[in-house]
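Line order of the protein sequences matches chains Y and E.
Following the numbering used here from start to finish, the first sequence increments by one per residue and tops out at 357.
Following the numbering used here from start to finish, the second sequence increments by one per residue and tops out at 245.
Since the hints were derived computationally from the structure, they do not count as laboratory data.
Quick caveat: nothing in here was measured; it's all calculated off a predicted structure.
Glycine residues also receive a C-beta, built at the ideal position from the N, C-alpha and C atoms.
Check before you lean on any hint, since a few could be wrong.
Among the chain E residues that face chain Y by a calculated CB cut under 10 Å, a handful are [claimed, not checked]: (1) S18; (2) A198; (3) S200; (4) T236; (5) L237; (6) D240.
Next come the chains, spelled out residue by residue.
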Amino acid sequence: MDYAIEVKNLSKQFGSLRAVDDVSFNVARGEVLGFLGPNGAGKSTTMKMIAGFLEPTHGTVSLCGYDVLTDPISLKKKLGYLPEGAPAYGEMTPLTFLNFIADIRGLKGRYRKERIIDVVEKIHIEGVLHQSIDTLSKGFKRRVGMAQAILHDPDVLIMDEPTDGLDPNQKHEVRTLIQNMAKDKAIIISTHILEEVDAVCDRAIIISKGQLLFNGTPTELIAKSKFHNAVSLLINTNQSGAAKLALLNLPSVKAVEIEEQPMGMSQLLVIPTNAMSIAGTVSSLVNNNGWGVEQLRVEAGRVDEVFRDITIGSVKKLTEPEHLS
Amino acid sequence: MNNISAIFKRELRAYFSTPVAYVFIVIFLFLTGIFTFYIGGFYESNQADLTPFFSFHPWLYLFLIPAISMRLWSEERKTGTIELLMTLPVSLAEAVVGKYLAAWCFTAIALALTFPIWITVNYLGEPDNTVIFVSYIGSLLMAGGFLAIGSCISALTKNQVIAFVVSVVICFAFILSGFPLVLDFFSSWAPQPILDAISSFSFLSHFNSIMKGVIDIRDIIFFASLISLWLYLNTLAIDSNKAR
Chain Y
33 MDYAIEVKNL SKQFGSLRAV DDVSFNVARG EVLGFLGPNG AGKSTTMKMI
83 AGFLEPTHGT VSLCGYDVLT DPISLKKKLG YLPEGAPAYG EMTPLTFLNF
133 IADIRGLKGR YRKERIIDVV EKIHIEGVLH QSIDTLSKGF KRRVGMAQAI
183 LHDPDVLIMD EPTDGLDPNQ KHEVRTLIQN MAKDKAIIIS THILEEVDAV
233 CDRAIIISKG QLLFNGTPTE LIAKSKFHNA VSLLINTNQS GAAKLALLNL
283 PSVKAVEIEE QPMGMSQLLV IPTNAMSIAG TVSSLVNNNG WGVEQLRVEA
333 GRVDEVFRDI TIGSVKKLTE PEHLS
Chain E
2 MNNISAIFKR ELRAYFSTPV AYVFIVIFLF LTGIFTFYIG GFYESNQADL
52 TPFFSFHPWL YLFLIPAISM RLWSEERKTG TIELLMTLPV SLAEAVVGKY
102 LAAWCFTAIA LALTFPIWIT VNYLGEPDNT VIFVSYIGSL LMAGGFLAIG
152 SCISALTKNQ VIAFVVSVVI CFAFILSGFP LVLDFFSSWA PQPILDAISS
202 FSFLSHFNSI MKGVIDIRDI IFFASLISLW LYLNTLAIDS NKAR
């Protein structure tokens, strides 16, 4: 398969710090890749190398077949990039700024005009076009940065925390925008908002301490949760003890957690072995015993918990050798 | 070429969309006036030439040029726009040259605005206008040299104050490199050819020879190669410092 973004064995060394360690992944056209990781994990460094701002210590990056080391200019022509914090020339207005980018991108004539109008409408910066960027709010600054990145309708779009500092409505808008552009582009967004991955990404990557720890779909990510396919029941407290025993007798149930709720109810969280689907068995057990169950819900899983497991696990793994030496 | 001109236009526009340009031009014109008429003794010399005007240019530039050049790259690094600029399809050399030319063009505008002095001297007497024209060219070349140094230094730091101070010191050394102040520092240990080379770097002696009204090809080569060298160092400085 032909990938729009190919990253092979990418590493970056800053002095004694290995900021990115042997990271490889591909992104196809039409795919949105979510880049996850704790702060300082190497997300931005990786993106800066893909965008051709930093030279990799080892490894290769190619976008649409252009290599970052041998043909950086062709690579950058294919790329729209929103750096972390959306830097822009503060004394310019969004309009003069976009015109400058259009100059550099070599956009001409009617197409240039159309692109500028189109982007301004899409990103909703009509109201601030003639105000200097320095005086804009954080949300608008970020939008100007996005407008700049998509002005030339690039094949590859890389955005470092595009929704950081936006209010919930703006976040929603940006996500819709990304989804609308996704059809014919390869997109990478970095974020530490986990629900964003579920909302816009086809695939997620988690890196921590510079290492790639997970590469799969959001569904696969959630499936790693021990709460994946767990069933939660709201049940009368006086029946909860018996129910717990009966549930634990099922071979497909690993554990049951009880949490007292108000009004004499209890919440039972039934955790399956190996994330098996247990909703059917549990509900027939409920019917057979005639328990007073008010609510029965299948849990998808908790991304934040998976994220913590993956990233904190890696921290331990990495620090162990140091103790030994 | 297209990229250089896009960066050049953006950069030159930036000077005039902030008070920097106006403050600089007003102060430059004010100081050239003071130096020419009060300290240079323009009237007292009773000569229809602009020597009192031009002879203070190296000293004016010593402080005013680093004030222009200090922001060239350190500001890009401080605000992070360098990451934006370097991920656009622009080569490093194009970015350096575009920004440099904008700064040089800006000093040319400031220098051109001293034309009332030229009108004055033509009104008062009959000066040799060729000498004056050549001196303007020489002054502009010298400003270009200072700017190239300042541009390179500003790529080494995010701090504009540091960029300013270091640039002033290096420019000062280049003005006086033919004089004992600088030469004594080297004369105890460096062999004669090196001393000769150092003293030939003196902006002052090259500018003084141009001010006589003759443009020697060696003076042109001197400034052209000096500017090229510092701009080349500028690209290296950006490359090795941009990540920090």
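Against the structure, the hints:
1. S18: holds, 5 Å
2. A198: violated, 35 Å
3. S200: violated, 40 Å
4. T236: Violated - the Cβ of T236/E stays beyond 10 Å from chain Y, reaching only about 14 Å at its closest.
5. L237: With Cβ-Cβ at 14 Å, over 10 Å, it is violated.
6. D240: Holds, about 9 Å.
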